[in-house]
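Peer 1: Keeping the supplied structure of chain X fixed, place chain E upon it in accordance with the hints.
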Amino acid sequence: MAEIRFSGFGGQGIIRCGLISGKALALYDNKHATMTQSFGPEARGSACSSQLVVSEDRVLYPYISIPEILISMSQEAYDKYEPELRDDGILIIDKDLVKAKPPRGKIKTYAIPSTRFAEELGNRIIANLVMLGFFSAITKIASPEAMKKALPGLVPGRFLELNIKAFDKGYEYGKEILKKEKKTKSKK
Amino acid sequence: MKKVKADPKGVLTGSHYLDGDYALAEGALAAGCRFFAGYPITPSTETAERFSERIPSVGGVFIQMEDELASISALIGAVWGGKKVMTVTSGPGFSLMMENIGLACMMETPLVIANVQRGGPSTGLPTLTGQQDMMQARWGSHGDYEIIALSPDSPQECFDLTIEAFNLSETFRVPTFVMTDECVGHMHEKVVIPPADKIELVERKWYKGPKDKYLPYKLDKDQIPFMIKAGDDYRFHTTGLTHDERGYPVINAECQDVCVRHLVDKITTNADKIIRTEEEEIDTAEIIVISYGITSRVTTKAVQQARKAGIKVGTIRLITVWPFPEKRIKELAKKVKAFVVPEINYGQIVLEVERCAGGQAPAILVPHCGGGVHDPDDIFSAIKEAAK
Chain X
1 MAEIRFSGFG GQGIIRCGLI SGKALALYDN KHATMTQSFG PEARGSACSS
51 QLVVSEDRVL YPYISIPEIL ISMSQEAYDK YEPELRDDGI LIIDKDLVKA
101 KPPRGKIKTY AIPSTRFAEE LGNRIIANLV MLGFFSAITK IASPEAMKKA
151 LPGLVPGRFL ELNIKAFDKG YEYGKEILKK EKKTKSKK
Chain E
189 MKKVKADPKG VLTGSHYLDG DYALAEGALA AGCRFFAGYP ITPSTETAER
239 FSERIPSVGG VFIQMEDELA SISALIGAVW GGKKVMTVTS GPGFSLMMEN
289 IGLACMMETP LVIANVQRGG PSTGLPTLTG QQDMMQARWG SHGDYEIIAL
339 SPDSPQECFD LTIEAFNLSE TFRVPTFVMT DECVGHMHEK VVIPPADKIE
389 LVERKWYKGP KDKYLPYKLD KDQIPFMIKA GDDYRFHTTG LTHDERGYPV
439 INAECQDVCV RHLVDKITTN ADKIIRTEEE EIDTAEIIVI SYGITSRVTT
489 KAVQQARKAG IKVGTIRLIT VWPFPEKRIK ELAKKVKAFV VPEINYGQIV
539 LEVERCAGGQ APAILVPHCG GGVHDPDDIF SAIKEAAK
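Keeping their order, the protein sequence lines are chains X and E. Going by my numbering, the first residue of the first sequence is number 1, and it counts up by one from there. Going by my numbering, the first residue of the second sequence is number 189, and it counts up by one from there.
Just so you know, these hints were derived from the structure itself, not from any lab. Treat the hints with caution; some may be incorrect.
What the hints assert, rightly or not - Straight-line C-alpha distance at most 30 Å; calculated DSS-like pairs for lysine-lysine:
| no. | chain 1 | residue 1 | chain 2 | residue 2 |
| --- | --- | --- | --- | --- |
| 1 | E | Lys386 | X | Lys149 |
| 2 | X | Lys80 | X | Lys183 |
| 3 | E | Lys525 | E | Lys496 |
| 4 | E | Lys489 | X | Lys106 |
| 5 | E | Lys409 | E | Lys396 |
| 6 | X | Lys175 | X | Lys187 |
| 7 | E | Lys454 | E | Lys525 |
| 8 | E | Lys489 | X | Lys140 |
| 9 | X | Lys149 | E | Lys197 |
| 10 | E | Lys489 | X | Lys80 |
| 11 | X | Lys165 | X | Lys108 |
| 12 | E | Lys496 | E | Lys461 |
| 13 | E | Lys409 | E | Lys515 |
The structure presented is a predicted model; accordingly, all values stated were derived computationally and were not measured.
Isolated chain X (complex conformation) (with noise of 0.2 Å):
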């Protein structure tokens, strides 16, 4: 069982992160994932989200209450989400766009360049795929095979292979993160 709250700015394709986690693991995975999203007055540019419950089980209770993994992409939204996230939890953010707090209780950072990242790969709209594959290397929730094969359907068909191009960008960057992160381990 996990909840988990895709966030950042409207226009940032914050929703679109949801549903292709939530495609991923429901048809692909097989898990059960329930997929819903902030319903407000909310517009290009303000705070939104996309939560996601995962389980191995039905899922009873639709909404997230206290997520363990938090992906922000925005500082409004991390303002706005971060005192939610579980103490424990993981957080992940893109770092050029969000200035975090010193991490509270034993809650794991994570952050990658991933509006930069997307630029560089030729447009600034990807960033959320490039994220998409940082959170899939991270948190090993869905497998990177089960997100690439949500793909089609929900980005445009001529962009797919720069979406997932994005997607391994993020997904290879999130490797090494883990790597280092086990050498300096072992080496303590």
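Peer 2: Just chain E now, with coordinates in the frame of chain X:
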């Protein structure tokens, strides 16, 4: 009733990740719905969008009407033109539909209406959930009549129950409601759409006799009159006025008695065939929790807690809310200590439970005025209290 297989053209066979709103549209298309008329309203708009995108590709028609009253008019016309039809709305639009829902009942016109409920009254909470239109579905139009209403608890059931709604609607020639809510409507989950040959549909009961003998409201053995397509050379008359079997107005108490009794009896005498519930651990239960739609999922969580605490709890999930399973509740009222009824309103279906329980067991409401789902702890507390 003649059963036929679904037309593969409308069936999007496979596993999908859909929200409840989209699943409603897919259920309808699988059921052979080829006419949609509606007026967009949050949180049901996605269903209309999906129809507008999909229905032309299966040879159907999508019309955005000027309002909800007209939407039902258009549906009634399309049904008598031979189509299977559906519309979707939410609270305020549901209110506007009521007059013509009565007309559809009186004309015995099969149609399906989904209400993706939001918090009311009035414009209330456009983007947040509620289950506050349950009584309106039953009693919203004037006069005596019966309808059928189903309550899905997931996107999968939005698909499944929409097909069932079409089948019931065709079988009994009655408006049938899919009473879902914003939470289920906007929630994405896995939806499995079976192959077309695994979907069984009820075919409309077409009149095949001699043209000059057709009587649009002459009851068949099963109480349900035959239908024709308007424009197929039959003499055909229908009206919202009290009518005889020719469909002609007869304004007196005798005809009214036959007409109204028929509208009510065709459902009440078939209630056992229509009603579907899901029961769990009823036989040993001291407390029975009755819920429907999204609330039944949250209830399961509370019931698990209660069972862990040693309380003997059974559950009834109402898949069919109308007609209400009154026989079953009456029977159980003699055996249990109390009924607990959580619902996202300030007390609607609990009144029905109370009526059926007839003073033999209390019906305890766990209200939620809308805008979210219950905290399972609140339902658990009510169960604990009831078990004392």
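Peer 1: Against each hint, give a clear statement of whether it holds in the structure.
Peer 2: The hints, checked one at a time:
{"no.": "1", "hint": "E/Lys386 x X/Lys149", "in the structure": "holds, 27 Å"}
{"no.": "2", "hint": "X/Lys80 x X/Lys183", "in the structure": "violated, 34 Å"}
{"no.": "3", "hint": "E/Lys525 x E/Lys496", "in the structure": "holds, 19 Å"}
{"no.": "4", "hint": "E/Lys489 x X/Lys106", "in the structure": "holds, 28 Å"}
{"no.": "5", "hint": "E/Lys409 x E/Lys396", "in the structure": "holds, 16 Å"}
{"no.": "6", "hint": "X/Lys175 x X/Lys187", "in the structure": "holds, 18 Å"}
{"no.": "7", "hint": "E/Lys454 x E/Lys525", "in the structure": "violated, 34 Å"}
{"no.": "8", "hint": "E/Lys489 x X/Lys140", "in the structure": "holds, 27 Å"}
{"no.": "9", "hint": "X/Lys149 x E/Lys197", "in the structure": "holds, 25 Å"}
{"no.": "10", "hint": "E/Lys489 x X/Lys80", "in the structure": "holds, 28 Å"}
{"no.": "11", "hint": "X/Lys165 x X/Lys108", "in the structure": "holds, 27 Å"}
{"no.": "12", "hint": "E/Lys496 x E/Lys461", "in the structure": "violated, 35 Å"}
{"no.": "13", "hint": "E/Lys409 x E/Lys515", "in the structure": "holds, 25 Å"}
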